[in-house]
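**Student:** Chains A and B are the protein sequences, given in the same order.
Note that the numbering used here numbers the first sequence so that position 16 is 16, with each residue one more than the last.
Note that the numbering used here numbers the second sequence so that position 179 is 179, with each residue one more than the last.
Calculated directly from the structure, the hints in this document are not laboratory data.
Don't take every hint at face value.
Here are the computed lysine-lysine pairs in the DSBU-like style, where the Cα-Cα straight-line distance is at most 35 Å [stated by the list, open to error]:
{"#": "1", "chain 1": "A", "residue 1": "Lys36", "chain 2": "B", "residue 2": "Lys220"}
{"#": "2", "chain 1": "B", "residue 1": "Lys176", "chain 2": "B", "residue 2": "Lys76"}
{"#": "3", "chain 1": "B", "residue 1": "Lys220", "chain 2": "B", "residue 2": "Lys34"}
{"#": "4", "chain 1": "A", "residue 1": "Lys93", "chain 2": "B", "residue 2": "Lys34"}
{"#": "5", "chain 1": "B", "residue 1": "Lys232", "chain 2": "B", "residue 2": "Lys176"}
{"#": "6", "chain 1": "B", "residue 1": "Lys34", "chain 2": "B", "residue 2": "Lys172"}
{"#": "7", "chain 1": "B", "residue 1": "Lys220", "chain 2": "B", "residue 2": "Lys76"}
{"#": "8", "chain 1": "B", "residue 1": "Lys61", "chain 2": "A", "residue 2": "Lys36"}
{"#": "9", "chain 1": "B", "residue 1": "Lys172", "chain 2": "B", "residue 2": "Lys61"}
{"#": "10", "chain 1": "B", "residue 1": "Lys157", "chain 2": "B", "residue 2": "Lys61"}
{"#": "11", "chain 1": "B", "residue 1": "Lys35", "chain 2": "A", "residue 2": "Lys36"}
{"#": "12", "chain 1": "B", "residue 1": "Lys220", "chain 2": "B", "residue 2": "Lys176"}
{"#": "13", "chain 1": "B", "residue 1": "Lys158", "chain 2": "B", "residue 2": "Lys176"}
{"#": "14", "chain 1": "A", "residue 1": "Lys93", "chain 2": "B", "residue 2": "Lys157"}
{"#": "15", "chain 1": "B", "residue 1": "Lys232", "chain 2": "B", "residue 2": "Lys220"}
{"#": "16", "chain 1": "B", "residue 1": "Lys35", "chain 2": "B", "residue 2": "Lys220"}
{"#": "17", "chain 1": "B", "residue 1": "Lys35", "chain 2": "B", "residue 2": "Lys176"}
{"#": "18", "chain 1": "B", "residue 1": "Lys220", "chain 2": "A", "residue 2": "Lys93"}
Over the 12 Å line for every Cβ pair with chain A, so calculated as not near, a few chain B residues [as the list claims (entries may be wrong)]:
{"#": "19", "residue": "Glu71"}
{"#": "20", "residue": "Gln75"}
{"#": "21", "residue": "Gln82"}
{"#": "22", "residue": "Gln91"}
{"#": "23", "residue": "Arg180"}
{"#": "24", "residue": "Glu189"}
{"#": "25", "residue": "Leu202"}
{"#": "26", "residue": "Ala245"}
{"#": "27", "residue": "Glu261"}
{"#": "28", "residue": "Tyr270"}
{"#": "29", "residue": "Met271"}
{"#": "30", "residue": "Ala285"}
The beta-carbon is built from N, C-alpha and C at its ideal position, and this holds for glycine as well.
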Amino acid sequence: MDKLHPNDAFELGNQFRDTAMALGDWRIGNRAILTKAQWDELDEQEIRLLNMASRIYTCAVDLVLLDSQVAVVQLRSSVKAARYAVQHIATLKEALDLASALILFAAAVSSGNVATIPAAIVAVNDAAAAILQQQGQGSEGA
Amino acid sequence: MPRPVHIGRVFFRVFAISLVAVAVSGCANFDAVKKFATLSSNAANHAALTRDYIAALDRRKQYQPSVFHAELEAQKTRREAQQASLDVLQQTVVGYMRGLGELTTGEIRTFDKSLKDLGGSLNKATLLTSDEKEAIGALSTLLARRATAIYRQNEIKKLIRDGNQPLQEIIKATRKIVTRGIYADLQVESTVVARYYDNFMLAPGNPMEPVAMALAREAKIEALGRVDSRIKDAQAYDVVLEKIAHGQQYLHEHVNMVGDEALNEQFSPYMEELRYAYRNLLEIAR
Chain A
1 MDKLHPNDAF
11 ELGNQFRDTA
21 MALGDWRIGN
31 RAILTKAQWD
41 ELDEQEIRLL
51 NMASRIYTCA
61 VDLVLLDSQV
71 AVVQLRSSVK
81 AARYAVQHIA
91 TLKEALDLAS
101 ALILFAAAVS
111 SGNVATIPAA
121 IVAVNDAAAA
131 ILQQQGQGSE
141 GA
Chain B
1 MPRPVHIGRV
11 FFRVFAISLV
21 AVAVSGCANF
31 DAVKKFATLS
41 SNAANHAALT
51 RDYIAALDRR
61 KQYQPSVFHA
71 ELEAQKTRRE
81 AQQASLDVLQ
91 QTVVGYMRGL
101 GELTTGEIRT
111 FDKSLKDLGG
121 SLNKATLLTS
131 DEKEAIGALS
141 TLLARRATAI
151 YRQNEIKKLI
161 RDGNQPLQEI
171 IKATRKIVTR
181 GIYADLQVES
191 TVVARYYDNF
201 MLAPGNPMEP
211 VAMALAREAK
221 IEALGRVDSR
231 IKDAQAYDVV
241 LEKIAHGQQY
251 LHEHVNMVGD
261 EALNEQFSPY
271 MEELRYAYRN
281 LLEIAR
């Protein structure tokens with residue numbers, strides 16, 4: 001297990017921020033099919049993700065994460081997979097599932113509780129995979 | 001009375017030799033280092049940026065539902081705990097530059113003491129004429145100044161040599177915090193602000209009232225403009241730090257030229273760049 005360097009933490013913060021922005025774009029792009037309640041629910045998840053990004057920046061500045069034992073490569077690839085998946089979200093449920101998994105993941109990273117990170121990675125990967133699988137089936141069906 | 005005549009001959013021989021030595025060695029010129037140190041100590045001092053980084057969480061509250069305020073408050077507390085460390089980074093750069101600046105201008109106490117002691121001895125030297133005493137005093141001052149200059153030159157060189165690596169590391173760390181932490185966090189703030197107004201204008205079921213929409217658009221532009229100013233401030237401070245690091249590195253690489261007048265000219269492009277960067281920072285921060 002590599003140590004999480006502040007550079008990696010900053011990068012992770014960037015990825016959370018960018019993912020939140022991508023979710024926001026999806027929400028606005030799909031506003032015609034969303035109810036007010038759905039819109040608000042997704043909006044709250046975006047705020048959570050943005051706050052998580054800030055929290056991770058704060059952690060990185062503080063070098064709190066310097067000694068955290070986490071797999072940097074895994075962290076990066078999982079968030080990247082989530083970002084890729086955002087581009088293929090078809091339903092609100094997928095958007096919410098992905099956002100929830102990311103929030104769980106960010107919380108695990110910023111808490112420094114290494115034991116919770118693997119499960120959080122799995123959740124993000126699952127949510128991303130479900131979206132891509134759904135997309136694949138949609139393409140086949142079409 | 002042969003004794004005063006003997007002292008006078010010896011004295012004037014020494015005087016002549018010393019005068020030539022002083023003239024040949026010339027006067028050390030620390031202008032380049034002095035100006036750089038003074039400007040750098042002022043430019044590196046930007047405590048407002050740290051305060052702004054902490055205050056960001058309070059600003060964000062107005063754009064987020066109250067359910068998130070406790071979390072923002074907790075983050076603010078965490079940043080407040082970082083303030084002293086962040087200030088130390090800045091103050092270390094400022095302190096180094098002030099120390100460097102003081103070396104280029106300050107009097108050295110050791111030599112002050114020698115001069116005072118010499119003054120006392122001269123008063124007791126009853127066998128010298130007053131003209132001779134005056135001449136000895138003048139020469140001693142010249143020699144002491146030169147000796148002081150050499151001492152200062154060595155100290156300046158030593159400080160530049162020894163201080164370069166830690167200073168470069170401190171500046172690098174500060175720049176990383178500014179660009180990758182503070183700047184990136186301000187981008188989050190920008191997104192939070194934009195999201196807030198977009199929600200008002202685009203949320204399902206919101207009446208598309210033209211006047212309200214126009215006001216919201218205007219408010220959004222203003223709010224984003226304020227965040228943008230903060231982003232520019234962080235970027236400008238980063239450039240200032242970069243220029244300080246470049247200048248310091250140049251001095252380090254040409255440390256043997258410290259005291260040499262030719263350094264002034266060679267160093268002037270670095271000074272110009274730093275001056276320009278600092279002016280830009282001041283204009284943005286105004």
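**Student:** Take the hints in turn and mark each one as holding or not.
**Tutor:** For each hint, the structure was consulted:
1. A:Lys36 - B:Lys220: Holds. Lys36 of chain A to Lys220 of chain B sits at ~22 Å (cutoff 35 Å).
2. B:Lys176 - B:Lys76: Given that 35 Å is the threshold and the Cα spacing comes to 20 Å, the pair holds.
3. B:Lys220 - B:Lys34: Violated: Lys220 of chain B and Lys34 of chain B sit about 46 Å apart, past 35 Å.
4. A:Lys93 - B:Lys34: violated (64 Å)
5. B:Lys232 - B:Lys176: holds (16 Å)
6. B:Lys34 - B:Lys172: holds (23 Å)
7. B:Lys220 - B:Lys76: At roughly 24 Å apart (the allowed maximum being 35 Å), Lys76 of chain B and Lys220 of chain B satisfy the hint.
8. B:Lys61 - A:Lys36: holds (22 Å)
9. B:Lys172 - B:Lys61: holds (32 Å)
10. B:Lys157 - B:Lys61: Violated, because 51 Å separates the two Cα atoms, which is more than 35 Å.
11. B:Lys35 - A:Lys36: Not satisfied, since the Cα-Cα distance of roughly 62 Å exceeds 35 Å.
12. B:Lys220 - B:Lys176: holds (29 Å)
13. B:Lys158 - B:Lys176: holds (28 Å)
14. A:Lys93 - B:Lys157: violated (66 Å)
15. B:Lys232 - B:Lys220: Judged against 35 Å, a Cα distance of about 18 Å means the pair holds.
16. B:Lys35 - B:Lys220: violated (43 Å)
17. B:Lys35 - B:Lys176: Status holds; Cα separation ~26 Å.
18. B:Lys220 - A:Lys93: holds (30 Å)
19. Glu71: Non-interface label on Glu71 of chain B violated, nearest chain A Cβ at 6 Å vs cutoff 12 Å.
20. Gln75: violated (6 Å)
21. Gln82: Non-interface label on Gln82 of chain B violated, nearest chain A Cβ at 5 Å vs cutoff 12 Å.
22. Gln91: Given a closest Cβ separation of 17 Å, the condition holds.
23. Arg180: violated (4 Å)
24. Glu189: Not fine: 8 Å to the nearest Cβ puts Glu189 of chain B too close to chain A.
25. Leu202: Not fine: 6 Å to the nearest Cβ puts Leu202 of chain B too close to chain A.
26. Ala245: holds (18 Å)
27. Glu261: Given a closest Cβ separation of 43 Å, the condition holds.
28. Tyr270: Given a closest Cβ separation of 28 Å, the condition holds.
29. Met271: holds (31 Å)
30. Ala285: It holds; Ala285 of chain B is separated from chain A by about 21 Å at its closest Cβ, greater than 12 Å.
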